[in-house]
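Chemist: For reference, the chains in residue letters:
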Amino acid sequence: MTPTEKLATELMLKFGDSVLTQQQTADEVATFWVAKTHILPVLAYLKKESPEPFPLLYDLFALDERSRSDHKTYPSKDFTVVYHLLSFKRNQFIRLKIALKGEYPSAQTLTHLWPSASWYEREVYDMFGIRFEGHPHLQRILMPLTWQGHPLRKEHPARATEMGPFKLWDEKVDTEQDALQFKPEQWGLQRHSDDADFMFLNIGPQHPGTHGVLRIILQLDGEDIIDAVPDIGFHHRGAEKMGERQSWHTYIPYTDRIDYLGGVMNNLAYLLAVEKLAGIEVPDRVKVIRVMMCEFFRIASHLVWYGTFAQDLGQLSPVFYMFTDREKIFDIVEAITGGRMHPNWFRIGGVAQDLPNGWDKMVAEFIAYFPKRLKEYHNMVMRNSIFKARTVGIGIYTLEEAIEWGVTGPGLRACGLEWDMRKKQPYSGYENFEFDIPIAQNGDCYDRAVVREQEMIQSLRIIEQCLKHMPEGPYKSDNSHATPPLKKNTMQDIETLINHFLNVSWGPVIPKGEAMSCIEATKGWNSYYMVSDGNTSPYRSRIRTPSFPHMQMLPYISKGYTVADLLSILGSMDYVLADIDR
Amino acid sequence: MSETLNYWLVIVGILFVLLNIAAFLIWVERRMLALWQDRLGPNRAGPFGLLIILADTLKLFFKEDWIPPFADRHVFVIAPAVIVISVLLSFAIIPFAPAIQIVDLNIGLLFFLGMSSLGVYSIVLGGWASNNKYSLLGALRGASQMISYEVFMGLSLMGVVMLSGSFSLRTIVEAQKDYWFVLLQPVGFVIFFIAGIAETHRLPFDIPEAESELVAGFHSEYSGMKFGMFFIGEYLGITLISSITVALFFGGWLGPAFLPPLAWFAIKTAGFILFFILLRASLPRPRYDQLMEYGWKILLPLTLLNLLVTGGIILFLNQP
Amino acid sequence: MTITQSLFYFLAFVAIFSSLLVVTAKNPIHSVLYLILTFFTLTGEYILLNAQFIGIVNIIVYAGAIMVLFLFVIMLLNLNVESEPQKTNLMKFIGIITGGIGLVVLTAALKSTDPSNTVVIQEVDMGLVKNLGQVLFKEFLLPFEIVSILFLSAMVGAVLLARKETK
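Chains as they are written, first to last, in this note's numbering: chain W, 1 to 582; chain Z, 1 to 320; chain R, 1 to 167.
Please note that a few of the clues may not be correct.
[Stated by the list, open to error] Dumping the calculated DSBU-like pairs for lysine-lysine here, alpha-carbon to alpha-carbon at most 30 Å:
1) W:36 / W:89
2) W:388 / Z:63
3) Z:133 / R:26
4) W:423 / W:48
5) W:361 / W:241
6) W:559 / Z:133
7) W:512 / W:559
8) W:375 / W:361
9) W:47 / W:6
10) W:512 / W:276
11) Z:133 / W:183
12) W:172 / W:89
13) W:559 / Z:177
14) Z:133 / Z:63
15) R:26 / Z:177
16) W:14 / W:424
17) W:48 / W:97
18) W:97 / W:14
19) W:101 / W:89
20) W:89 / W:6
21) W:388 / Z:297
[Unchecked claim] Quick list of simulated restraints, FRET-style, between CB atoms:
22) R:159 / W:206: 37 to 45 Å
23) Z:81 / R:98: 51 to 59 Å
24) Z:316 / R:151: 45 to 53 Å
25) W:182 / R:66: 47 to 55 Å
26) Z:10 / R:20: 34 to 42 Å
27) Z:314 / R:66: 30 to 38 Å
[Stated by the list, open to error] If the Cβ cut is set under 8 Å, some of the chain Z residues that face chain W in the computed set are:
28) 3
29) 7
30) 39
31) 40
32) 171
33) 175
34) 204
35) 212
36) 215
37) 278
38) 280
39) 282
40) 285
Hints were generated in silico from the structure; no laboratory data involved. Source: prediction; values computed, not measured. Don't be surprised by glycine CBs; every beta carbon is placed ideally from N, CA and C.
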């Protein structure tokens, strides 16, 4: 019995088939339609009562199903809300869906089961206008409070030209200005306690410590943080909406810019989902090239984090050394891909080009050079007693809390859980590599730093194995969906010519279905959930980014610390705003 | 009459040199930081980028001298002047060389402590008058930091006073003919220097400014030459602490005869200034409460112990 | 009038004027600033008496430390007209009584002094550190130590009070 069948039997026994209907998906994640009224008991059972529970709410999002060309699929619905859960014991995802009918439907909130559902539900409300009954603070999260309409609904324009010219009337100025006025009650904050007036401090949107346009409203008593409310969305570019009007191929450069420090690693997350949908099996050489590039970007991203973290704590020099080393990585990336931060280099079914001559020499040089530097940084930063005083015991969360809030990646491993998606659910051939999973036990800022530092060493090990065992072979799959299509498959008859012509001009048509990828990205687990209704562009592209839940947890872990500690916590969290806001 | 003229010349000369040093340090600090951080630093204007000093100063002068409408105008204007005045006044008692000293007060050291304690006002008033939350937080941090470290600063110097039997800096320097006081008072030196860094609020003790936390702390709202005054005050403060350290612990102008006394003094002071910059390049910033804890729980007992031991030994040696 | 005399009158005028401003200034921060100015003029007076040590200690302790703490507290309290508590009549009454008693004591003390028999006139260098130290630690050792114990107990009391607040 496969794990999916086992899970299906367990759930059917408990709830019966009037509640649950199983669905087959391209990615083979156990998927069930749940009757809207029963979703809470099912989720509660999965989280708490099941012998092998699903404690992590991995993702929560919605789809607008109204204009889907394969609309007639079971069950009938206007909107779908999708829940992704993960079980560590089973090492398995489960996908639950509820069908909603009506123009502006509503569903029940999940916030009392999982605190991390709060932001996800707010996002769904913001993007689709679906209300969640009982949500404590249902307010727009990514779009401005004054925004008209809900962007991910299909009737909402995707291009500015569809919206008519922008006019700023005096009344509009007034309402916008009024919306900018800070009212603590609006954010669920008290103005004063019994014996003290609180001070409200805006950290950001423009602040040297936030690494981007992030606003954190601090409620302070002296310098002690009573509460903190992150205000996100300043970096929102509508990447998910853009996916719906880009072809499968031309969407790749947009993914580069989600976690802009992760470079091609974003391409990988997206392509894994697309390749699952299209049923493409990529050649070995492609897998290893992809792994090598991803690990380079993991090191580059961790270097940025390392340097800026030290700088947030007032150590001015490390960031310069680390950016110098990052330049060396970019030199290699540039030689291979031609780009630097956003190479846009992976393709559906392969990579853009083969590796250039002499790539191995550059990589070998870097492998010889980098460990010494890491040792030096370790002495300079990690062993510095002031650095330790600022990070040890600060921003602690336990493993249970981490799972409860949806923390993934290094933040999770710093709590002592040895869980790396590259090992547990290997993709792109990671099962063939030898590397350790660094973990730490205390879950404080220092331990998160330790984990990331060690990860760089492990990434270097992986790169070294790529260098030594780079397989020969093609850099692109033979599959007909591989983009851009191979020239050798054309010019044989009219059929191949037309196929080639359409694949180049429209882009590939990916078969109907839905698939999710999950990779161990630089900052945590990154997923693309792609839905195809058999068109040249995705029907829905959902991007699950690690920074989003991490930022949601900020108030919880920063209460009771001081303003200075907040910077340690932010620094150790390693987020980028583009990754939060998409 | 010529003596009076000479006296005035010394004053004007010292003032001129000091202000130039403060400006020069802009370049020194940026080039040295660049050197230690694997960068080039300003190297475009003039030889070795030296004209950056001119460019920077001109920029400061020509920037809009903005007083925020929500600020307390008068206090806002006074605040940056306070630090420059108090630091410049302190230089009056520094013996740069046997013949170059503005005034040899018999309470010289106390005068220095008094003036440095006035420097706090600059931060507190500047932060308060800006009427900005970041500035206010910086001002509060600055006030408590500087008041605390003044205590250890004063006490750490008492060992030197006991050894030389005077508050006059000239007498103290002359008392180091045989050996520098740093040998007799290593603990006093270290504590004084730490307190000195805290007084000048330089990294690692730049908690009132704390760029990544408080943007620019107490001088967030300042621009133009008013900001420039804080800037100059900071560099003058570094120079002051360095020269006082040299005078108290490193024999001031004393040194082998092949160089003039003034040169010895300058060399030693420059060494400490560079050390200040090196500190900035290498250390992270402790948290505000850690700084206070470090001061009151470690430095204060150490200083008192140092005082006790020094006094005891002096009494023992002077027994008939 | 000698230079010393004219300086004295100037400083005295500034001292009285600024202490009046301390009372009348609307903004508490400005009050504190005028008080600091008053301390400076007093230091000037000390120096005119050749009591340099007292003068500079006055700056270090009062202007440099205590007044900063005053500022600190005022800034923390964020005083303004609305939040200022109304003084009750009882408070005003107590204020007048204590002020009056202070005045009486002061006049009595001033009356009993003999202006021609001041310490300074007897011994010009009295105010220098060395002499002051000799007097303090030889002649007045016991009172000096008692005063320090008094301060210590005040400190312990303050710490105790602060502790109760939190727990």
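Chemist: Next step is simple, just say for each hint if it's right about the structure.
Modeler: Here is how each hint holds up against the structure:
no. : hint                      : verdict
1   : W:36 / W:89               : holds, 27 Å
2   : W:388 / Z:63              : violated, 41 Å
3   : Z:133 / R:26              : holds, 22 Å
4   : W:423 / W:48              : holds, 26 Å
5   : W:361 / W:241             : violated, 42 Å
6   : W:559 / Z:133             : holds, 20 Å
7   : W:512 / W:559             : violated, 47 Å
8   : W:375 / W:361             : holds, 23 Å
9   : W:47 / W:6                : holds, 17 Å
10  : W:512 / W:276             : holds, 11 Å
11  : Z:133 / W:183             : holds, 17 Å
12  : W:172 / W:89              : violated, 53 Å
13  : W:559 / Z:177             : violated, 57 Å
14  : Z:133 / Z:63              : holds, 24 Å
15  : R:26 / Z:177              : violated, 56 Å
16  : W:14 / W:424              : holds, 28 Å
17  : W:48 / W:97               : holds, 19 Å
18  : W:97 / W:14               : holds, 18 Å
19  : W:101 / W:89              : violated, 35 Å
20  : W:89 / W:6                : holds, 14 Å
21  : W:388 / Z:297             : holds, 19 Å
22  : R:159 / W:206: 37 to 45 Å : holds, 42 Å
23  : Z:81 / R:98: 51 to 59 Å   : violated, 38 Å
24  : Z:316 / R:151: 45 to 53 Å : violated, 29 Å
25  : W:182 / R:66: 47 to 55 Å  : violated, 37 Å
26  : Z:10 / R:20: 34 to 42 Å   : holds, 40 Å
27  : Z:314 / R:66: 30 to 38 Å  : holds, 32 Å
28  : 3                         : violated, 49 Å
29  : 7                         : violated, 43 Å
30  : 39                        : holds, 6 Å
31  : 40                        : violated, 11 Å
32  : 171                       : violated, 38 Å
33  : 175                       : violated, 36 Å
34  : 204                       : holds, 6 Å
35  : 212                       : holds, 4 Å
36  : 215                       : holds, 6 Å
37  : 278                       : violated, 10 Å
38  : 280                       : holds, 7 Å
39  : 282                       : holds, 6 Å
40  : 285                       : holds, 3 Å
Hints 2, 5, 7, 12, 13, 15, 19, 23, 24, 25, 28, 29, 31, 32, 33, 37, counting from the list given before, are not met by this structure.
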